[in-house]
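Peer 1: Given the sequences, and given the hints that come with them, work out the whole structure.
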Amino acid sequence: GIDPGLIVHDFDAGLLSACLVLAPELPLASAMAMVPAIANGFADAFGAVAPAEVGCAFAWPGTIRINDGSCGRVRAAASTGDPAAEPDWLVIGFEIRFFEEGGGEPGLIPERTTLHEECCACIEPARLLEGWARHSLVWIDRWQEDGMRRLHESWCARMHPPGRTVQFELGGHKHAGRFVGLDEQGGMLLQTGNGVQLLPLSRMLETV
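Going by the working numbering, the sequence shown opens with residue 1156, and the numbers climb by one from there.
These aren't lab readings, by the way, just hints derived from the structure by calculation. Among the clues, some could well be false.
Calculated pairs, DMTMM-like style, for lysine to aspartate or glutamate (alpha carbon to alpha carbon, straight line, at most 25 Å) [said to hold, decoys possible]:
| id | residue 1 | residue 2 |
| --- | --- | --- |
| 1 | Lys1329 | Glu1339 |
| 2 | Lys1329 | Glu1266 |
| 3 | Lys1329 | Asp1237 |
| 4 | Lys1329 | Glu1361 |
| 5 | Lys1329 | Glu1250 |
| 6 | Lys1329 | Asp1223 |
Per label pair, the in silico range of CB-to-CB distance [as the list claims (entries may be wrong)]:
| id | residue 1 | residue 2 | range |
| --- | --- | --- | --- |
| 7 | Ile1157 | His1330 | 18 to 24 Å |
| 8 | Ala1212 | Glu1324 | 40 to 46 Å |
| 9 | Phe1166 | Thr1362 | 24 to 30 Å |
| 10 | Glu1180 | Pro1206 | 39 to 45 Å |
Idealized CB from N, CA, C, for every residue including glycine.
Peer 2: Below, the structure is given as structure tokens:
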């Protein structure tokens, strides 16, 4: 059975992962608002425990960037991939690398980093986890009271600014073009040689 509100977490081999189980009573396209809620919750929790000079940002749809290096991601899975259908369950979570397993040399993988490499060895996994759960619930409450606007604004403010050339893989397909912005439900507007393409946020869902 589904246990809405359940938080599952693990810390192993330098990787902290956690997820929140939800049973949204609305279409998947609208329920995907939980992705920016969870992302904003992580950023707020990280900002409360990290050194002031360390920055946290996002790359669509779920990459977590610490000081502009890829350090983790927001993840999502649901009982359906149909944006118009109401999912029986939706699981949204994150994973963040504290250090590389085996203590490898920093910088061996371009564009990838860890919290320890970014002067965040002082952060305790338990404190970050607790803060994430608390701040995420605050963002979910804001969304229930005020709708998508504040959630969307905060998430966009932590994204790379529009106009950048981006390339990424999503759902097994490679995409490249100019990042135009996000639609009201968090989908990416991508300018390619064939015009502006909308990539719904539900495309990030993982198959389970």
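Peer 1: Are the hints correct? Go through all of them and say.
Peer 2: Here is how each hint holds up against the structure:
1. Taken as a hint, the Lys1329 and Glu1339 pair is honoured in the structure, with Cα atoms around 23 Å apart against an allowance of 25 Å.
2. Restraint check for Lys1329 and Glu1266: satisfied, since their Cα atoms lie roughly 18 Å apart, inside the 25 Å limit.
3. Restraint check for Lys1329 and Asp1237: the C-alpha separation of about 21 Å stays at or below 25 Å, so the hint holds.
4. Distance restraint check for Lys1329 and Glu1361: the Cα-Cα separation of roughly 16 Å lies within the 25 Å cut-off, and the hinted pair is therefore satisfied.
5. With a C-alpha separation of about 22 Å, the suggested pairing of Lys1329 with Glu1250 holds against the 25 Å cut-off.
6. Of the pairs offered as hints, the one joining Lys1329 and Asp1223 holds, with about 22 Å between alpha carbons and a cut-off of 25 Å not exceeded.
7. For the pair Ile1157 and His1330, the beta carbons lie near 32 Å from each other, so the given range of 18 to 24 Å is not met.
8. A C-beta distance of roughly 20 Å is found between Ala1212 and Glu1324, which places it outside the suggested range of 40 to 46 Å.
9. About 25 Å separates the C-beta atoms of Phe1166 and Thr1362, a value consistent with the hinted range of 24 to 30 Å.
10. The beta-carbon spacing between Glu1180 and Pro1206, approximately 41 Å, falls within the hinted interval of 39 to 45 Å.
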